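**Q** Sequence:
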Amino acid sequence: MLSLAARLHAFVEALHRKPHVAVLLNGWERKVGIITEEEAQRCCLLWFRAGKAEIVPWTEGVTPDLVLRGAERHLLTLFAGETLSYLHVKTRIETTGSVRDQLKLDALIRLAAAGDAAK
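Just add 409 to the spot in the sequence shown (first one is 1) and you have the numbering used here.
Be aware that a few hints might be false.
Just the calculated beta-carbon pair ranges, DEER-fashion [stated by the list, open to error]:
#1 419 - 493: 27 to 33 Å
#2 494 - 414: 18 to 24 Å
#3 492 - 472: 30 to 36 Å
It is worth saying that the hints were derived from the structure and are not from the lab. All of these numbers come straight from a predicted model, not from anything done at the bench. Glycine included, C-beta positions come from ideal geometry on N, C-alpha and C.
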């Protein structure tokens, strides 16, 4: 089983392999904080900027635009993007932030997984 860090790296790589995703990210500069319930602490930060996504440490003083909080196994499933599992775990993850940002992240997760399931 992949670790959360490995799953997030796979998610970012999948986004970067799809040229049309850069268009969706253009002008959307957001920080997404991820908190695992097991550790009850900040895990990492997905930072979307300049048409790219990257994983960076979540340092003191940084305020994310969107926060995902849940069990590590649910976060792993969420970022895998498999349709039925995704719909199930989406209800088990607490998300705070604007609805627009939540919808954008949902779309990016689904797009990253599209086509990868066939591999």
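**Q** For each hint, tell me whether it holds in the structure or not.
**A** Status of each hint after checking the structure:
1. 419 - 493: 27 to 33 Å: Between residue 419 and residue 493, where Cβ atoms are some 19 Å apart, the hint is violated.
2. 494 - 414: 18 to 24 Å: This hint holds: roughly 20 Å between Cβ atoms.
3. 492 - 472: 30 to 36 Å: Check passed, 32 Å falls within 30 to 36 Å.
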